[in-house]
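Participant: With chain A's structure known, arrange chain B on it following the hints.
Number of protein chains: 2
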Amino acid sequence: MSGFDLQAWSTQQLLLVEQALEQWVPNDAPADLGPAMRYAVLDGGKRLRPLLVLASFEACVGKTPTAPMSEAAMRAACAIELIHAYSLVHDDMPCMDNDVLRRGKPTVHVKFGEAGALLAGDALQTLAFELLTPSNSEIPSQVQAGLCGLLARGAGHAGMAGGQAIDLASVGDQLTLEQLQHMHRCKTGALLETSVVMGAVAAQANAQATQALLSYGQALGVAFQVVDDILDVTADTSVLGKTAGKDADNDKPTYVSLLGLQGAQQEAQRLAVQAQQALAHSGLTDTQVLQSLANWVLQRKH
Amino acid sequence: MSGFDLQAWSTQQLLLVEQALEQWVPNDAPADLGPAMRYAVLDGGKRLRPLLVLASFEACVGKTPTAPMSEAAMRAACAIELIHAYSLVHDDMPCMDNDVLRRGKPTVHVKFGEAGALLAGDALQTLAFELLTPSNSEIPSQVQAGLCGLLARGAGHAGMAGGQAIDLASVGDQLTLEQLQHMHRCKTGALLETSVVMGAVAAQANAQATQALLSYGQALGVAFQVVDDILDVTADTSVLGKTAGKDADNDKPTYVSLLGLQGAQQEAQRLAVQAQQALAHSGLTDTQVLQSLANWVLQRKH
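These protein sequence lines are chains A and B, in that order. Everything in the first sequence is counted per our numbering, starting at 1225 for the first residue and increasing by one. Everything in the second sequence is counted per our numbering, starting at 1225 for the first residue and increasing by one.
For reference, chain A alone in the conformation it holds in the complex:
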């Protein structure tokens, strides 16, 4: 871990991710659809999910992947970012969180109208599956199908969308810690977890590594949400790039409202340790990027 420069690694990877998104998110989609899709995806965000895909891929495949493998990993990285982006577009809409600021910019429905945001979100979700199934590609069919299946399960009714439904139904309710964990495991955790496993599938990793990476992703996913809740009460809107204090204002249950600030901080720490332990059981030797990413999730300020 010591000596490894996560910042440099991320900068290099993100350059490739941004180039790929720039190429793959169409600017020739009809009417305002293309501009709205690109507005929602390009130029913004931490890109944590793509970084997790690529870090996991790198841990599994080493330094000399084949070209089809690398292409699969980059497509997976971009596909999961598109799912994340679509969920934010729909989440921000007036009938959901009614948020007007995202990544320091007006939200998509503010800029393109509600119907435009609805359609852009829909088309971003579809595009994710399009990216994973290129025609005339050397990516093996089983990798393509495997990635589609993982993404659909992570994003769907038993994953992200299910978590959002629980979230929606729980406003104003006092959830138990168990209920809150279940909600976040679906709402945020499922997609982070899926990112890590998609990297392994792109690399055609063995079962032991894949299972360990799943455990790592599960712990990291919940830790991310705990830190999110902490930042919601401790960070400024200007640093966060979205409206701070929003959850408390909406009377939403959070780890902080349930465990207190200090309790939430301890919980994040515990989950980070759990993520590191999972890596130790992976049978993989080159996990420093994943280790550093887990530390970053814990220490991030926005």
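Keep in mind that a hint or two might mislead.
[What the hints assert, rightly or not] Below, a list of computed lysine-lysine pairs in the BS3-like style, where the Cα atoms sit at most 25 Å apart:
| hint | chain 1 | residue 1 | chain 2 | residue 2 |
| --- | --- | --- | --- | --- |
| 1 | B | K1525 | B | K1476 |
| 2 | B | K1335 | A | K1476 |
| 3 | A | K1270 | A | K1525 |
| 4 | B | K1476 | B | K1270 |
| 5 | B | K1525 | A | K1335 |
| 6 | A | K1270 | A | K1329 |
[Unchecked claim] Ranges between beta-carbon positions, derived for each pair:
| hint | chain 1 | residue 1 | chain 2 | residue 2 | range |
| --- | --- | --- | --- | --- | --- |
| 7 | A | Q1243 | B | S1359 | 51 to 61 Å |
| 8 | A | K1270 | B | Q1231 | 52 to 62 Å |
| 9 | B | A1504 | A | D1510 | 34 to 44 Å |
| 10 | B | G1286 | A | W1520 | 55 to 65 Å |
No lab work stands behind these hints: they were computed from the structure. The model shown is predicted, which means the values in this text are computed figures rather than measured ones. Every residue, glycine too, gets a C-beta built ideally from N, C-alpha and C.
Facilitator: Below, chain B alone, put in the same frame as chain A:
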């Protein structure tokens, strides 16, 4: 054609489709998500897209498909119906068409609220891709990946979602016939076309048959929309199961507003002939179901 009973064939197939949807659209999704998804999909609709998948599949594979082939066809049939259902849920929302009646029932947002409808639509789209990628299945990976790719392209920015964006941008505009055709080729045609081709892919059909079926699907897709526009001005709300006269009220361009009622009827007839001709060039011998479906599209009353 003579002697073939489309009604009996459809009834038999639809029984299987309804059973499959009943099984695959989850009732245990969290909070109201499961009920809203099932409300949107079960018990309603003409199921034209599933019937097209199954008719195309049957034309390609004959009477003795293998079990994995049949499973692939049924999964494709249900997946495309889920995409259709999601698009209706989102289309009906207040920020889009603001419709309160669909298939004779209150629309999803009327019943489950706007946020519930937004999420249900999102999760239905995801579920479509989940259905196409079963784990522990004997469906070949290349069929799974091929079906996902087709569905994503038909539903996405260059297909259905793109058509909806054009539609949205064109309200109050006088489109040319060419622009109108392009809009409908995307908005409605793409998914109908995709249905037919998915049937061929599930059957692992040859290139000649697949290409001919694509042409059939293209012509049928546009014919369907022309008839839809005709019914919007000639049918009662009670027969239609949705609000009639809606397009004219919204000042939307239609084939009828552009060609007149008689001109639109001639156009539908011309497209039906085109669809039949495509079948004649398919090299397939058993196309009577597809022929009958094309006739039905032309003669339907709702």
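Participant: Measuring from beta carbon to beta carbon, are G1286(B) and W1520(A) in 55 to 65 Å?
Facilitator: holds (57 Å)
Participant: Take the C-alpha atoms of K1476(B) and K1270(B), compute the straight-line distance between them, and say whether it is at most 25 Å.
Facilitator: With a Cα-Cα distance of about 24 Å, the restraint between K1476(B) and K1270(B) holds, given a limit of 25 Å.
Participant: For the pair we were handed, K1270(A) and K1329(A), check the Cα-Cα distance against 25 Å.
Facilitator: Between K1270(A) and K1329(A) the Cα gap is close to 14 Å, so the pair holds against 25 Å.
Participant: If you draw a straight line from the CA of K1525(B) to the CA of K1476(B), is it 25 Å or shorter?
Facilitator: It holds: about 21 Å lies between the C-alpha atoms, which stays within 25 Å.
Participant: Does the structure keep K1270(A) and K1525(A) at a Cα separation of 25 Å or less?
Facilitator: Roughly 12 Å separates the two Cα atoms, so the pair holds.
Participant: Starting from K1335(B), check that the Cα of K1476(A) is at most 25 Å away, please.
Facilitator: holds (24 Å)
Participant: Tell me if the straight-line CA distance from K1525(B) to K1335(A) falls inside 25 Å.
Facilitator: Given pair K1525(B), K1335(A) is violated - Cα atoms ~41 Å apart, limit 25 Å.
Participant: I want to verify a distance hint. Is the separation of the beta carbons of Q1243(A) and S1359(B) within 51 to 61 Å?
Facilitator: violated (33 Å)
Participant: For A1504(B) and D1510(A), compare the CB-CB distance with the range 34 to 44 Å and indicate the outcome.
Facilitator: violated (60 Å)
Participant: Given the hint of 52 to 62 Å, check if K1270(A) and Q1231(B) actually sit that far apart at their C-beta atoms.
Facilitator: Holds, at about 56 Å.
Of the numbered hints given earlier, the model fails hints 5, 7, 9; all others are met.
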